[in-house]
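*Asks:* Residue numbers (my numbering), protein chains in the order written: chain C, 30 to 274; chain G, 109 to 413.
Think of the hints as simulated: they come from the structure by calculation, not from any bench.
It cannot be assumed that every hint is accurate.
As the list claims (entries may be wrong) - Straight line, CA to CA, 20 Å or less: simulated SDA-like cross-link-like pairs of lysine to any residue: (1) C:Lys260 with C:Asn244; (2) G:Lys376 with C:Tyr187; (3) C:Lys160 with G:Asn352; (4) C:Lys53 with G:Gly403.
Stated by the list, open to error - Now the stretches of chain C that chain G is said to cover, found in silico as 3 or more residues with beta-carbon under 8 Å: (5) 90-96; (6) 172-180.
Every residue, glycine too, gets a C-beta built ideally from N, C-alpha and C.
Listed here are the chains, written in short residue letters.
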Amino acid sequence: MNDKAVCEDSSIFLAELFKNQRHKLHFGAIDKCHQRFQFERCLPPTVKNEVVCRVTNVINFLGLISREFGKYLKTKTDKLNSSGSTLISEFFDTVNERYSDGSTECEIAQSIRLAIIKHLEAMPASQNTDKFILDTLVEFDEHTSRLQQEFIVKRGNYKVFSATINPTILKKLNRESSLKRTSKKKPNDIKILCEIEAYQRDSEKTCFLVTVDANDFLNNADTIKRLIGIKCLDPLHLCQEFETA
Amino acid sequence: MYKIWNAKINTPVSILDNEQELSYTSIENYSRLDFAKDFTLCVLVYTQPGRGINLPPTKIQNLDDVACDNIRDSIDQIHPKPEWFVMDDYLKSWKNNFKKFLLNNNHKKLLDPMRFRDTWPEDVADILGRLVKIMDDEYENWHRISMKGFFESNLPLELYNLYTISYRQRAYAMQYFEESLRTIQPEFYMHRGNNQKMKKVLYNFVEQHKEVQQALLKTLHSEFALVFYLKLSNAEKPNDLFKNLPIISKNNDEFIRYMGEFKQNLSKLTVLMSRNRTDTIILSSPRLNAFEGLGEELRRVIVDS
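Taking the hints into account, I'd like the entire structure generated from these sequences.
*Replies:* Shown next as structure tokens:
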């Protein structure tokens with residue numbers, strides 16, 4: 030079905046890529062549908078930028094904190110032993126003070142802290158600080174580079190189209206009362222809709238937006254379809270949509 | 109989200125796992141990290157199957173000459189260069205170090221000039237096989253040196269991830285070429301003495317593998333340009349270019365441009381190799397149990413952020 034294009038938003042793209050258990054019912058739904066109907070798989074440019082930012086921000090923040098931790102540790106001791114756990118706690122307590130509770134930064138810092146503590150508990154009684162830090166950094170890079178690689182491969186299988194947003198369409202969506210909350214809190218979501226509309230117009234393909242975001246897209250699907258002619262779907266309903274088309 | 113470029117970096121702190129193994133302070137030494145990068149470039153260019161198409165070849169350069177030509181091309185793109193930088197001197201030093209590395213590590217054979225003959229595909233495959241083995245053996249050591257570089261720099265972890273991915277993809281690509289070249293050897297040999305038919309076998313090979321080869325060469329060139337630019341920005345004299353000095357980046361337009369090009373080219377290569385891999389080598393540092401679960405946790409944070 031080369032006259033159809035299915036666009037994904039960040040929620041479903043990342044959930045599928047990293048097999049997020051919250052969305053396990055959706056795993057493979059789009060792939061199965063694609064095998065049957067061979068539509069074009071797309072990422073709007075704003076979605077592509079969003080997912081790139083999310084992945085690199087998490088990786089770079091982990092890198093930043095682990096480097097800071099290493100420098101901190103080196104100023105405190107040349108040899109690590111069981112008292113190292115006190116140093117780890119001291120460092121990460123100060124990191125937590127810089128960020129709000131429950132923030133992404135705190136979650137990442139907590140993951141790093143736990144990994145480092147486990148590493149400390151697993152090592153011999155006394156270890157050279159330099160070796161401890163380097164072992165830790167090598168592990169972090171192994172994990173994050175694999176994650177990056179998976180992301181690059183998945184992203185490479187999508188078309189990232191370029192789109193010139195129609196300002197009239199943008200205004201129309203921003204003025205719509207049921208989309209006011211989205212327009213205010215998540216303007217990128219409005220931009221994504223405009224980009225898909227522009228691609229539909231330029232390519233003359235029928236475009237769909239597949240998402241698991243109920244608040245901004247799925248609950249407003251009828252309104253969005255009425256305003257700009259783009260259907261928003263849960264991945265589980267995609268095949269049915271093509272069957273009835 | 110905390111921005112990496114706001115980080116205040118004090119005087120770089122050195123990490124030395126094993127002082128003698130990881131520290132290079134003299135032009136007489138050659139960083140294994142540099143070797144892995146530079147050697148890949150020169151072998152790939154030198155062994156482009158297309159070189160065999162004009163039969164018989166009028167001239168086959170030595171490996172180090174070919175490498176220098178390509179390094180020169182990459183460095184020529186970098187502007188501005190400091191006044192103390194002299195291209196010929198740099199390339200002369202590079203060649204010396206390259207030869208010493210090969211001689212010290214029993215790879216002297218790679219310095220022998222190649223003869224074009226009816227076992228050309230297998231000869232090239234043998235070189236690539238040796239290189240893949242070197243990269244496989246060196247991976248753990250290379251990785252530790254790379255992370256030492258990260259620790260002493262102000263560069264983002266994302267960039268070092270790209271270096272790691274690039275290392276793996278280069279090895280996978282060369283293994284892919286090695287295996288492909290071995291499959292055409294019987295047909296090539298069968299047509300020995302018949303230049304037209306030998307040429308056709310090589311031509312078909314080049315056409316079939318052009319996309320991966322071009323992606324690999326573009327990645328190598330752009331990575332070399334980025335690495336060299338960073339080294340040049342942190343060097344004060346020629347000898348510094350052969351040391352593993354801490355890299356402090358100004359995050360200026362040039363850095364963003366070089367990194368962008370490298371990332372774009374590497375992404376294309378990674379996607380291509382995901383479709384062409386043979387899975388014979390793994391290239392992974394030994395994993396510590398303590399970090400099990402970290403990858404899953406990071407993926408969850410990305411999805412939920």
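*Asks:* Next, verify each hint and record whether it holds.
*Replies:* Results for each hint:
{"no.": "1", "hint": "C:Lys260 with C:Asn244", "in the structure": "holds, 15 Å"}
{"no.": "2", "hint": "G:Lys376 with C:Tyr187", "in the structure": "holds, 12 Å"}
{"no.": "3", "hint": "C:Lys160 with G:Asn352", "in the structure": "holds, 18 Å"}
{"no.": "4", "hint": "C:Lys53 with G:Gly403", "in the structure": "holds, 18 Å"}
{"no.": "5", "hint": "90-96", "in the structure": "holds (count 6)"}
{"no.": "6", "hint": "172-180", "in the structure": "holds (count 7)"}
In summary, the structure agrees with every hint in the numbered list given earlier.
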